[in-house]
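Asks: Chains as they are written, first to last, in the numbering used here: chain A, 1 to 93; chain B, 1001 to 1381.
Misleading hints may appear alongside valid ones.
As the list claims (entries may be wrong) - Derived PhoX-like pairs (lysine-lysine); straight-line CA-CA distance at most 20 Å:
#1 A:Lys83 with B:Lys1198
#2 B:Lys1198 with B:Lys1027
#3 B:Lys1285 with A:Lys83
What the hints assert, rightly or not - Partial chain B-side listing against chain A, Cβ under 10 Å, derived:
#4 Gly1043
#5 Phe1084
#6 Glu1087
#7 Val1229
I should point out that these hints are in silico values taken from the structure, not numbers from a laboratory. Beta carbons are placed, not taken as given, at the ideal position from N, Cα and C, and that holds for glycine.
Listed below are the residues making up each chain.
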Amino acid sequence: MNKDNVIICRCEDVSLKDLHDVLNEGYSDFETIKRILRVGMGPCQGNSCGLLVQREIAKFTKTPLNEVKLQKVRPLITGVKMKSIIEALEDES
Amino acid sequence: MKANVVIIGGGISGVSIAYNLAKKGMKNIIVFDDNYMTGGATGRCGAGVRQQWATKMNCVLAKQSVDFFERAQEELGYHRDVEFKQEGYLIVATTLKEDAQFEKNVTLQNSVGIPTKKLTPLEAKEIVPHLNIEEVISATYCKTDGHLNPFLMTDAYYHAAKRLGVKFFYQEKVNEIIVSKGKIKKVITDNYEVETNKVVNAAGGYAHEVGLMAGVEIPVYSENHQILVTEPVEKIQGPMVISFSKNIYCQQVPHGSFIMGRSDKNAAHDHDISSGHLFLDEMVKTAVDLLPPLQELRVTRAWGGSYNISPDRQPIIGDTDQLKGFYMACGFSGHGFMFAPVTGELISDIILDLPTDIEKEKLHIDRFKNMKETDFETSVV
């Protein structure tokens, strides 16, 4: 398996090799890895990659899966066009 | 454990201080941070670096910092790209008062070697073609201002400091600073006791609380400032666009997304870092009004982070007669990220008793004893 060809985060185009590289550098928590690699910062906010990253961290650090914290999910739940936000405001007033 | 100095806070200020102390030969430096790296204000900032200020001190600090950012990638020997982009800040004036102030700002900035220019609305539109200039009276533009990735810049300092022997402990909370007979004795964390007689408070949003641990009263408070980011798109905007009167800063980062923020004058003085719909509504209206094509972009995320505000909106850097061995770098009022290089250079000189070109008494906590003598920074979003 070529780790370069295994895509972990589709939004930000992060491969399994990228992830293993930062784990090898010593980073082992999701939030730090997210800030370095941008995994979970794309439009899906980690809905695709979150569990994959969690599993890789668990394997690498030999931690039970349920003890590896997932990333913080921020608003908005899904991408919303700015003009839709403005239209909704105008409807309200 | 024993340490020559304990730095509390491993955000951009803390890593820069650690790096500069180690570079100047200090051994046995320990950094504690109760969060993950860049989990505090650094990782929540707007990722801009600017030199266009209204006080001479802020101009000098910003220029010296940008000088470092220009060579940071090389000096720190970082293996990733810190994404430094110098495509300027365009600051627009929409009131006559602002226009007059900007005239003075440009003269001041030029006097310390910052290449800012005053522009007409049409000249501004040449730089940002999608700028709505209906209400714009004039603008100022400094082409050497720009953008940096806050996470990677912090990581770059962290790696360089680690190579010089600095020990970092993230997710390790400092609970007590033991002081006896006017001297610092120990720093106690969840898992360690460190004997030291020097502490640097680089705790960002929690600078006031860390001061109190050592019995030092620092006149700063924190308030929430929110930011949103859009989906990435092809590059259409080079500079950061700011308006103080319209309450907006907005840039397109190298990744392609637009980052924008504004302040809330009713924000409580506390540690709230939540993100709400009131911000979203006002931010989107302001952004689309000033930069109309942005209406087609999807907002993907929003978050909040702390500004640590000082009485004159300029940083507090130095020692204090309240406690020997206690140093602070705080109260950056929203600009700690862009001032980090000079913060590290200056406070390391102060700690090691080395000469410095900067008028350090103007950054000392004692300046507030006679507030009339200090300039108040007005160029803050």
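Asks: State for each hint whether it applies.
Replies: Checked hints:
no., hint, in the structure
1, A:Lys83 with B:Lys1198, "violated (53 Å)"
2, B:Lys1198 with B:Lys1027, "holds (13 Å)"
3, B:Lys1285 with A:Lys83, "holds (9 Å)"
4, Gly1043, "holds (6 Å)"
5, Phe1084, "violated (17 Å)"
6, Glu1087, "violated (21 Å)"
7, Val1229, "holds (8 Å)"
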